[in-house]
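Here the sequence shown is numbered in full-length UniProt numbering, starting from 1 and rising by one per residue.
I should point out that these hints are in silico values taken from the structure, not numbers from a laboratory.
Just so it is clear, CB atoms sit at the ideal spot from N, CA and C, and this is done for glycine as well.
Do not take every clue at face value.
Claimed, not checked - List of simulated lysine to any residue pairs, SDA-like, C-alpha gap at most 20 Å:
id	residue 1	residue 2
1	Lys18	Gly5
2	Lys18	Phe28
3	Lys18	Arg103
4	Lys18	Glu77
5	Lys18	Tyr89
6	Lys18	Asp74
7	Lys18	Ala86
8	Lys18	Glu75
9	Lys18	Leu37
10	Lys18	Arg61
11	Lys18	Val93
12	Lys18	Thr48
13	Lys18	Glu58
14	Lys18	Ala124
15	Lys18	Arg72
16	Lys18	Cys54
17	Lys18	Gln92
18	Lys18	Phe88
19	Lys18	Leu66
20	Lys18	Pro91
21	Lys18	Arg46
22	Lys18	Thr65
23	Lys18	Thr113
24	Lys18	Glu90
25	Lys18	Gly56
26	Lys18	Val62
As the list claims (entries may be wrong) - Derived CB-CB ranges, DEER-like:
id	residue 1	residue 2	range
27	Arg61	Ala114	41 to 47 Å
28	Phe100	Glu58	29 to 35 Å
29	Ala36	Ala114	17 to 23 Å
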Amino acid sequence: MNVEGVSPPTPFLARPGKPALPWSDWIFSFHNYLTALGGEAYSTERKTALLLHCVGAEAQRVYRTLPVQPRREDEDEFHAAERQLAEFYEPQVNVIAERFFFRQRRQESHEPTADYVAALRRLAQTPSPGCQFLPKKRTCLKTAPLKKR
């Protein structure tokens, strides 16, 4: 489907198996697609339909089997569907393990500093809004060891 010359993102999960992208990456692409379409003017129902259409057949099947949850006060149908899919597909984060992996990352001898810092930023990102690692990200990035030139 190609709406107004803008291609939708690759389906998150078209058939059973492991998604090709993490949920956070896919939903970022979907939001870009929605913005490119002028989706902020769309009704909640249309945005929800676009989300469920783009997410892929297997993810649609999973969504239909999720237990019905009451919407939060500040949520519309679209944001509730997005939240339910995120809760299902986002991995649970072990803060202690994530800190360990971050602290173990060392700059490779052939690795440019910019690439190393980008890798550290990726490690410091957290898919879980409740994760305690994020507030310390700036400090951790400042104290990460750089290779000596």
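Violated hints, by number in ascending order, as checked against the structure: Violated hints: 1, 3, 4, 6, 8, 9, 12, 14, 15, 21, 23, 29; rest satisfied.
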